[in-house]
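The residues making up each chain are set out below.
There are 4 protein chains.
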Amino acid sequence: MSKTIDLNCDMGESFGAYTIGMDEQVMDYISSANIACGFHAGDPGVMDKTIQMAVKKKVGIGAHPGFPDLLGFGRRYMACSGEEIRQYMTYQIGAIQAFCKTHNTNLQHVKPHGALYLHAVEDKDAARAIAESILSVDKNLYFVALAGKKGETMRRMGEELGLKVAYEAFPDRAYTKEGTLVSRKEKGAVISDPGLVAKRALGMAKDGKVTAIDGTVIQMEVQTLCVHGDNIHAVDLVKNIKNLLETNHINIKPMGEAS
Amino acid sequence: MSKTIDLNCDMGESFGAYTIGMDEQVMDYISSANIACGFHAGDPGVMDKTIQMAVKKKVGIGAHPGFPDLLGFGRRYMACSGEEIRQYMTYQIGAIQAFCKTHNTNLQHVKPHGALYLHAVEDKDAARAIAESILSVDKNLYFVALAGKKGETMRRMGEELGLKVAYEAFPDRAYTKEGTLVSRKEKGAVISDPGLVAKRALGMAKDGKVTAIDGTVIQMEVQTLCVHGDNIHAVDLVKNIKNLLETNHINIKPMGEAS
Amino acid sequence: MSKTIDLNCDMGESFGAYTIGMDEQVMDYISSANIACGFHAGDPGVMDKTIQMAVKKKVGIGAHPGFPDLLGFGRRYMACSGEEIRQYMTYQIGAIQAFCKTHNTNLQHVKPHGALYLHAVEDKDAARAIAESILSVDKNLYFVALAGKKGETMRRMGEELGLKVAYEAFPDRAYTKEGTLVSRKEKGAVISDPGLVAKRALGMAKDGKVTAIDGTVIQMEVQTLCVHGDNIHAVDLVKNIKNLLETNHINIKPMGEAS
Amino acid sequence: MSKTIDLNCDMGESFGAYTIGMDEQVMDYISSANIACGFHAGDPGVMDKTIQMAVKKKVGIGAHPGFPDLLGFGRRYMACSGEEIRQYMTYQIGAIQAFCKTHNTNLQHVKPHGALYLHAVEDKDAARAIAESILSVDKNLYFVALAGKKGETMRRMGEELGLKVAYEAFPDRAYTKEGTLVSRKEKGAVISDPGLVAKRALGMAKDGKVTAIDGTVIQMEVQTLCVHGDNIHAVDLVKNIKNLLETNHINIKPMGEAS
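Chains as they are written, first to last, in the working numbering: chain P, 1 to 259; chain B, 1001 to 1259; chain V, 2001 to 2259; chain D, 3001 to 3259.
A portion of the hints provided could be inaccurate.
To be verified - To be clear about the criterion: a stretch of chain V counts as covered by chain D if any three or more of its residues have a C-beta under 8 Å from a C-beta of chain D, and this derived list gives those stretches:
#1 2079-2088
#2 2091-2104
Unchecked claim - One-sided excerpt, in silico: chain V residues whose CB lies under 8 Å from chain D:
#3 M2047
#4 D2048
#5 G2114
#6 V2137
#7 A2189
#8 S2192
#9 G2203
As the list claims (entries may be wrong) - Taking CB as the label site, the calculated pair distances span:
#10 D:K3187 with V:A2079: 19 to 27 Å
#11 P:G162 with V:E2159: 54 to 62 Å
#12 D:E3083 with V:T2180: 44 to 52 Å
#13 D:E3178 with V:K2058: 35 to 43 Å
#14 V:T2180 with P:K3: 36 to 44 Å
#15 V:N2106 with B:D1138: 55 to 63 Å
#16 B:Q1052 with P:T4: 35 to 43 Å
#17 D:L3161 with V:K2058: 24 to 32 Å
#18 P:E159 with V:I2232: 37 to 45 Å
#19 D:T3019 with P:H249: 35 to 43 Å
#20 P:K3 with D:E3186: 53 to 61 Å
#21 P:H103 with D:N3104: 32 to 40 Å
Don't read these hints as lab results, they were simulated from the structure.
Every residue, glycine too, gets a C-beta built ideally from N, C-alpha and C.
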């Protein structure tokens, strides 16, 4: 029996005359695209083109909504209420759904971006607001939420509402033995060796296993792996991950086709 | 046999801490609401609340997309390409559709706002871009376009694509004998006498007749009348129009229920 | 020997087609105006007109810079670095200075707005960033900072850099016996009785005395009192404060003319 | 007697996480930098860093204000009134002046960006609004305006108000025999051969001569040449221009030091 995993990557983060990411190149190696919706990045033209590209390359399409902070690229916490978060999410999900209709496809998932994702990991009300927004727009959308112990609350908010939750792990991030992400402020939090990252991706995909920073092997349920496509090295890394997974008979598939 | 007309009004133009319009009061007297979508006015919170209110008061819900110019309230022409206009429209229509889903209702119509509307009246490519956007998102949406001779091109762009077009007239605006709006720069372009405006609304709704600025009576197919709700006098005027129409056995109904 | 106090009020918070505040009316009763600079509120047109009005009414002109969050009116904390805060401040102070030059006047003071002000009260780095920005643009500008115990750090950051700091108190806010503001979440935090607010303003201006929420009379050095002008009641209150102060021979003067 | 010319280039057009241009590289070969002011591009952090870099490299600093259209990079005409243009200019010039103070330097010039520049070439009222803004903020600032016949009105609006106007030519653009720029829509409007562009720059700088598209040699008073720095080829081209000019004993100097 073969194993299946999804590779997701942030896409469509360009804006107007500004380009970020190597969307066209990376799109060949991933199975799901988290597409920015115009609040922290992206614009209607970029969304239109990125979805067209994703459809062509058979990549699952996700909304990647963020805080309304283009200047900070959605990486800065903003003290928004749960109500505001729900409304910002709904607006952005709707906007991207319209482009999906334009290209005769369906939205597959929703993954909050940057500081909003981190906030949802920490804050139950934020996580619930996100889940409520998804539910109110389309209960069939996957909610991408953090795998491991740290992500329990975030995932539970989705599951309690009956959403399909896709557990997400980060092959290039170190985990503690408790299964939480090592803070970026600490040494060793980000793993840069491409071979090691690919190997970790394989462990996550094949056995649901991650070697924590102290050497402990921990178990973690994972359905989607987050990869990056900002620069040529990142693209190479995604390619390596894909190759290593396929060599090991792991099917890379959009989360919506996993079951 | 009774006649039917729709009364539409711009709604949901508040933004953050800023309030414009008397939405709650005017909602009692109209049948369709054109709700701003966040580009020229409106925000996710305002959209959420305005749609909730419209649902409660059984008012048909429309998208009211504009140029991306909050500072200018969408009243200034921007040299956007047809492609850009189509994409901006799609984004905004999608955003409002998501809030319709939140409140278990459907979007009824799309009416471009301010400078975008005027541009679509003048420019075939802009009108087509708007119609294409509507078609790509939902072919059952009404496209509100200018009634009378001046609006022919705008309407044709919608009709050629198979859209349902709602012909819109302005009871408080003077028309030339050719059936075009008298420019706001000219004297007498805007009619301020409430009694006269209500009477003109009745003529439009009952007989499809408008008295032009030179006294000629012209024929004009009309399905929806645009009214205003910016201040207490405007609200009174809408109330007067509604009363006069109903006294004369005209049914005021959302355009989507007209047939 | 007569006493002197400054009455400051937020002004110029309108934006594009949106109006907030009763600037024209309240300008008659205050001595210093904190003018929004386009990030949380205000726009170039509003700044231009508000400064013109302030010059005409001999009101001292201040920059009122905020977080870049028009949608949240600058009332939401944003996790900006000290460097970002310094740069946002500098940008906004410069913008308003240019309009001061247009109207042949000088900028008098800088008072951060809303969540940025509160952040500077709590966070030494933010307060220093604000002070550094002011210093880098014009060392003669007054830095308006919170009076009382709670504001010590904020003020010290300004004073250590050699800035003139104007100690600000809030006659409509309750204070603890330690001289800190009672949190808005607690009962009695905001005082709404106009007579009482005016009386408190007089106590602050005349004797530097405030009656704390527990009845203790505390001493507080104060150079400027913050008043509000959002609605007709607020305007009346400002008028009452001015009258009571003048009846008691307190000179109301812009902070820049106080000495 | 040696000749002098200024080489100006657009700089500081990055925004938040987005990078445009190769500012650091190109700064070595130019004498004046037109720095975006946050409306069409640029942000407070970018302005701060770009001015710091310009000071270090002894490059003259200019404001490069544009229409408030980040999404369109200021390249789209917006129907702003003269009053609005004047106010937008003043705001942006003030903002950049504050960063000049931060870095103990002075603003040298103002050059409107993109669609605003083109609008000022065509529209007397827009040109006057720009000139009035400059005058109101600092009458010693240079106003960069189009050289040749086409730019006459734009320049006159500045000169009539007593501003110092720097006549600007474009070595990579074809001119008609009447001395106007060949429209970008026409073939041959943009010259891409680096050697030819450098040679044209030399002709402009040395003799005030330009060979028009029909072969006619026309005379044109020029004080500053516009060059580009968007990509590595553009940077090479600037370098070539600088080298060719210096080999021919033309001094490359900021416009403010020309006399």
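Does the beta carbon distance between E159 of chain P and I2232 of chain V stay inside 37 to 45 Å, or does it fall outside?
This hint is violated: roughly 51 Å between Cβ atoms.
Under a C-beta cut-off of less than 8 Å, do 3 or more residues of the segment 2091-2104 of chain V approach chain D closely enough to confirm the stated coverage?
Our answer is that it holds, as 11 residues pass the Cβ test (under 8 Å) against chain D, meeting three.
Honestly, do K3 of chain P and E3186 of chain D meet the 53 to 61 Å range at C-beta?
holds (60 Å)
A range of 35 to 43 Å was offered for this pair. Does it hold for the Cβ distance of E3178 of chain D and K2058 of chain V?
violated (54 Å)
Restraint check, 8 Å cut-off on beta carbons, for D2048 of chain V near chain D
holds (5 Å)
Measuring from beta carbon to beta carbon, are N2106 of chain V and D1138 of chain B in 55 to 63 Å?
Holds, at about 57 Å.
Falls inside 32 to 40 Å, the C-beta gap from H103 of chain P to N3104 of chain D?
With Cβ atoms ~54 Å apart, the hint is violated.
Given V2137 of chain V was flagged as interface, is its beta-carbon under 8 Å from a beta-carbon of chain D?
OK, holds: V2137 of chain V within 8 Å of chain D, min 5 Å.
Given a hint of 35 to 43 Å, does the C-beta separation of T3019 of chain D and H249 of chain P actually sit inside it?
holds (41 Å)
For Q1052 of chain B and T4 of chain P, compare the CB-CB distance with the range 35 to 43 Å and indicate the outcome.
holds (41 Å)
Are G2114 of chain V and chain D close enough, Cβ to Cβ, to be under 8 Å, as the hint says?
violated (18 Å)
With 8 Å as the cut and Cβ atoms as the points, is S2192 of chain V at the interface with chain D?
violated (37 Å)
This entry does not satisfy hints 5, 7, 8, 9, 10, 13, 14, 18, 21, going by the numbered hints stated previously.
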